[in-house]
Amino acid sequence: MVPTILVLSIVVFVIIQLPPGDWLTSYVAGMRAAGDEVSPERIDILRERYGFDQPMHVKYFKWITGIFRGDFGFSFSWNKPVGELIWSRMGLTLLVSISTLIFTWIVSFAIGLYSATHQYSIGDYLATFIGFIGLATPNFMLALILMYLSFEFFGYSISGLFSYEYANAPWSIAKLIDLLKHLWIPIIVSGTAGTAGLIRILRANLLDELGKPYVVTAKTKGVSNLKILFKYPVRIALIPFISTVGWTFASLISGSVITAIVLNLPTAGPMLLQALKTQDMYLAGSFIFFLSILTVIGTLVSDILLAIVDPRIRYK
Amino acid sequence: MEEKKAVVNGELLEDEEIYMSSQWELVWKRFKKHRLAMIAVGVLAVIYILSIFCGFFSPYDPHNYDKGYMNAPPQRARFFDEGEFNLRPFVYGYQSTRDPETFRETFTIDKSKKYPIYFFYRGDTYKFLGFFETDIHLFGVKEGKIFLMGADPMGRDLFSRILYGARISTSIGFVGVFLSFTLGITLGGISGYYGGWIDMLIQRTIEFLKSIPDIPLWMGLGAALPSDWGVIQVYFAITLILSLKGWTGMAREVRSKFMSLKEEDFVMSAELIGASKFRIILHHMLPSFLSHIIASLSLAIPRMILGETSLSFLGLGIRPPAISWGSLLQSAQKVRVISMAPWLLLPGIFVIITVLAFNFLGDGLRDAADPYS
Chain Z
1 MVPTILVLSI VVFVIIQLPP GDWLTSYVAG MRAAGDEVSP ERIDILRERY
51 GFDQPMHVKY FKWITGIFRG DFGFSFSWNK PVGELIWSRM GLTLLVSIST
101 LIFTWIVSFA IGLYSATHQY SIGDYLATFI GFIGLATPNF MLALILMYLS
151 FEFFGYSISG LFSYEYANAP WSIAKLIDLL KHLWIPIIVS GTAGTAGLIR
201 ILRANLLDEL GKPYVVTAKT KGVSNLKILF KYPVRIALIP FISTVGWTFA
251 SLISGSVITA IVLNLPTAGP MLLQALKTQD MYLAGSFIFF LSILTVIGTL
301 VSDILLAIVD PRIRYK
Chain X
1 MEEKKAVVNG ELLEDEEIYM SSQWELVWKR FKKHRLAMIA VGVLAVIYIL
51 SIFCGFFSPY DPHNYDKGYM NAPPQRARFF DEGEFNLRPF VYGYQSTRDP
101 ETFRETFTID KSKKYPIYFF YRGDTYKFLG FFETDIHLFG VKEGKIFLMG
151 ADPMGRDLFS RILYGARIST SIGFVGVFLS FTLGITLGGI SGYYGGWIDM
201 LIQRTIEFLK SIPDIPLWMG LGAALPSDWG VIQVYFAITL ILSLKGWTGM
251 AREVRSKFMS LKEEDFVMSA ELIGASKFRI ILHHMLPSFL SHIIASLSLA
301 IPRMILGETS LSFLGLGIRP PAISWGSLLQ SAQKVRVISM APWLLLPGIF
351 VIITVLAFNF LGDGLRDAAD PYS
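Going line by line, the protein sequences match chains Z and X.
Once you know that position 138 of the first sequence is 138 in the UniProt record's numbering, the rest is easy, because the numbers rise by one and skip nothing.
Once you know that position 200 of the second sequence is 200 in the UniProt record's numbering, the rest is easy, because the numbers rise by one and skip nothing.
I should point out that these hints are in silico values taken from the structure, not numbers from a laboratory.
Note that CB positions come from ideal geometry on N, CA and C, so glycine has one too.
Among the hints, erroneous ones may be present.
Computed footprint of chain X on chain Z, listed as stretches where at least three residues anywhere in the stretch have a Cβ under 8 Å from a Cβ of chain X [as the list claims (entries may be wrong)]:
no., stretch
1, 139-145
2, 247-254
3, 269-276
Computed, partial: chain Z to chain X, Cβ under 7 Å [claimed, not checked]:
no., residue
4, T4
5, I15
6, P19
7, E37
8, P40
9, I45
10, F153
11, F154
12, L238
13, I258
14, I288
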């Protein structure tokens with residue numbers, strides 16, 4: 001895991017350094033466009049101060065050693081250290097992603113179970129249909145449609161995570177309730193695709209298990225249907241829930257970025273997009289780096305969970 | 001397997017036919033039974049024909065704008081004018097009024113203006129298939145405008161733009177998948193056939209690539225494309241970006257197939273006869289898992305399409321003057337715009353239909369891929 005993160009940091013740094021020019025050139029261009037001339041001396045001073053003139057490996061070394069000391073570099077466009085900017089956003093990103101994961105699990109478990117036990121019923125077809133639509137609809141499209149519908153029919157816009165009066169307020173019970181009122185929309189938007197995938201996996205696995213001889217044996221012995229279902233097949237069919245949590249989580253984090261941009265959530269997405277567009281490299285780099293680390297951790301957690309849940313893996 | 005039937009008078013009966021069919025005939029037989037997949041094939045054929053001949057099917061040049069028709073709503077082609085039947089379909093004209101307070105233009109249908117639709121109409125010139133210039137469009141109107149799917153905020157015909165956008169959006173999936181396919185099959189094959197340290201190296205690389213979340217990675221790379229690049233350069237750069245992670249899944253699949261096939265008797269006998277490694281891979285192993293590969297390819301295309309749409313929607317992908325479904329959706333980013341002109345979401349509907357169709361096609365192919373099961 002540690003080597004992965006190290007390589008990750010190098011790749012992220014290279015990506016961030018790829019665009020021709022740097023923040024300074026886009027800053028100077030912006031000033032010129034606004035009619036302000038920036039003197040070459042000032043450019044040189046800025047260049048030296050922020051270390052733009054140093055070679056790549058020196059810059060990388062500075063950045064990566066800084067991270068170990070808790071210093072993530074400086075955001076030029078916000079004129080603040082990156083550390084101050086990203087934590088609250090990363091925290092909310094994590095909150096949205098984890099709540100989405102839980103939502104995905106609960107909904108897909110319920111629907112998958114129903115679909116498998118009522119195979120070829122109307123409910124099953126409906127679930128399959130909705131699942132397919134969910135898979136095929138891009139997140140941002142779903143967000144746009146939901147925004148449009150709520151604007152048209154309820155007359156208010158559903159963007160953001162907090163109401164106006166709570167946005168900068170300190171945490172309180174009222175703010176938490178306000179957050180919960182807003183949270184369900186990003187959860188639904190970024191959770192649909194994952195839910196659709198999990199429903200299909202659970203349904204297929206459960207159907208495989210239900211047809212096995214041990215289930216038939218249990219039935220002929222008179223065990224109640226509900227008990228048969230939950231005692232064995234469900235437990236086995238649940239394994240993919242755990243084993244895929246790594247990539248489900250990864251795609252949730254990745255998907256939440258674009259959802260957040262459309263819904264204008266105070267999470268990583270909008271700030272990352274803006275940072276990329278203004279070539280605010282340390283800010284953008286830190287976001288991509290930490291989003292990737294979240295993914296790596298998600299995979300690790302899923303491996304550990306799998307070993308706990310599935311004895312076959314433990315004894316190998 | 002189908003039920004066995006008695007052989008009568010030496011005729012080839014169903015059962016025997018199955019034994020004598022080639023693998024691909026069997027795959028086709030299975031595939032035909034998957035009704036949704038067959039419908040998907042039809043839908044995709046229509047979409048691809050529309051996108052290949054987009055110049056012919058669209059009534060206008062996609063860059064042709066008219067400030068008088070900003071956000072004009074969709075029109076319906078009609079046969080009945082106040083209960084009176086016309087053989088030639090027509091559209092009603094617009095009546096535009098400007099709100100004195102907000103200065104917002106609103107359009108209403110003006111039934112006094114009737115514009116007949118002409119077929120094989122000569123309008124804007126375009127390059128047919130990119131080779132020769134022509135000006136024949138499937139349909140068009142002589143006076144007024146025909147906006148079957150409304151107009152965008154610049155007064156350009158959305159229907160024409162969607163068709164032109166289809167050209168990029170649907171082809172990017174194919175080009176990207178072709179790249180992923182080549183990379184995946186080569187690296188996966190090497191990994192699975194040789195094993196050892198090279199397998200280790202490739203597997204670690206795949207694991208590493210998989211650990212980077214898609215959208216932030218794409219965004220980072222998309223933002224890195226120089227702003228002075230031309231349309232073609234950006235197009236290929238985007239396909240490269242999208243296939244950077246796309247090949248990993250394919251490589252894993254190929255590797256596991258290679259590993260299980262390596263032990264098969266027919267590979268051993270080919271080796272004993274003295275066939276070269278290259279020949280064994282190409283002639284003996286590849287055909288036995290090609291159908292699986294094709295199935296997973298058709299499931300990879302929609303992912304590419306969605307990726308391109310998302311990137312272009314964020315303004316980091318295909319850039320104007322090039323048109324893709326994602327870049328069309330860019331104009332529909334704000335709720336106020338959408339509530340004024342909901343038809344701006346139509347390109348998204350095309351995305352959903354295409355992706356759905358590819359998913360059904362892939363499902364059908366996957367079920368049919370192994371006809372001997």
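Okay, the hints, checked on the actual structure:
{"no.": "1", "hint": "139-145", "in the structure": "holds (count 5)"}
{"no.": "2", "hint": "247-254", "in the structure": "holds (count 5)"}
{"no.": "3", "hint": "269-276", "in the structure": "holds (count 3)"}
{"no.": "4", "hint": "T4", "in the structure": "6 Å, holds"}
{"no.": "5", "hint": "I15", "in the structure": "4 Å, holds"}
{"no.": "6", "hint": "P19", "in the structure": "5 Å, holds"}
{"no.": "7", "hint": "E37", "in the structure": "22 Å, violated"}
{"no.": "8", "hint": "P40", "in the structure": "23 Å, violated"}
{"no.": "9", "hint": "I45", "in the structure": "26 Å, violated"}
{"no.": "10", "hint": "F153", "in the structure": "11 Å, violated"}
{"no.": "11", "hint": "F154", "in the structure": "12 Å, violated"}
{"no.": "12", "hint": "L238", "in the structure": "23 Å, violated"}
{"no.": "13", "hint": "I258", "in the structure": "5 Å, holds"}
{"no.": "14", "hint": "I288", "in the structure": "5 Å, holds"}
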